[in-house]
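A.B. asks: Taken in order, these protein sequences are the chains called A and B. Heads up, the first sequence is in this note's numbering, so the first residue is 864 and it goes up one at a time. Heads up, the second sequence is in this note's numbering, so the first residue is 74 and it goes up one at a time.
Do not take every clue at face value.
DSS-like mimics (lysine-lysine), calculated; alpha carbons at most 27 Å apart, straight line [claimed, not checked]:
(1) B:LYS176 - A:LYS920
(2) B:LYS132 - A:LYS864
(3) A:LYS920 - B:LYS143
In short, the hints are calculated from the structure, not lab data. For clarity, every value in this text was computed on a predicted model and none was experimentally measured.
Listed below are the residues making up each chain.
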Amino acid sequence: KAGVTQTPRYLIKTRGQQVTLSCSPISGHRSVSWYQQTPGQGLQFLFEYFSETQRNKGNFPGRFSGRQFSNSRSEMNVSTLELGDSALYLCASRIRPSGQGSNSPLHFGNGTRLTVT
Amino acid sequence: GQQVMQIPQYQHVQEGEDFTTYCNSSTTLSNIQWYKQRPGGHPVFLIQLVKSGEVKKQKRLTFQFGEAKKNSSLHITATQTTDVGTYFCAYSGAGSYQLTFGKGTKLSVIP
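Can you make the complete structure from the sequences, with help from the hints?
C.D. replies: Here's what the structure looks like:
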C-alpha cells in the first residue's frame, strides 16, 4: 500500500508570496491533518479535514487555509508568506479521527520543506 | 487549557543504558499515543494507550499509562544506536480527536 505522498518536497519562496502544498493520503484514509514542524516550536497542529469538512483547527492566523477534495486529497495554502513560516509542513492521514472509542493513529508523509527568504 | 509537559527535552546515553521519557498532564487524558521520528525522517506511530494503568511492551520498549490517566512513559531497555531519534507523545482532550504533540525528547546514543 502506498504511503502518504506530499508534493513538492522542497520550496523556496519570497516574503509576501503565497504557496500551495499538496497531500495524497493512504488509500482508504478519509482524514487528513496538517502540522507545522520547527526546531523551536516542535510539531504544531494546523487543521484536520474529514470527508471534505474541516473538523479541527489549530491556533494559526487566517493566512493558513486548507481544503480536502472528494478523493480525500488535501491542499494547504499559506498566503502573504513571512520569514517565520519557514518550516517542515507535515501531512498525516488516518482512516477517520476516531475508532472504537480511541484515536486512530496518524500516518505521516515525508513533508514539504518550505524556506521563505 | 490542557497542559502536557514532555521531559526531558534531550537525553544522551551510552549504548546499552536504559532511557525513559515522560509525558505529564495537568488534566485527564482520553488516550495517548507515542511516535518516533528518526533524524531527517517523519514521525512514525509506535503505540496507543487507552486504559488507566495500561502497560504495553514492544521488544525493548515499555509504554505505561498512569492510573489517573494524567501521565505516561516510554522506557527503552539497553539502548541501541538504532533507537536514536525524537520520541513524541500525542494526546487529545476529552471529547476531542485532535491530536496535539508534546515537544519531544531527543535521544542520542553514544556507541
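A.B. asks: It remains to establish, for every hint, whether it holds in the given structure.
C.D. replies: Going through the hints against the structure:
no.	hint	verdict
1	B:LYS176 - A:LYS920	19 Å, holds
2	B:LYS132 - A:LYS864	25 Å, holds
3	A:LYS920 - B:LYS143	24 Å, holds
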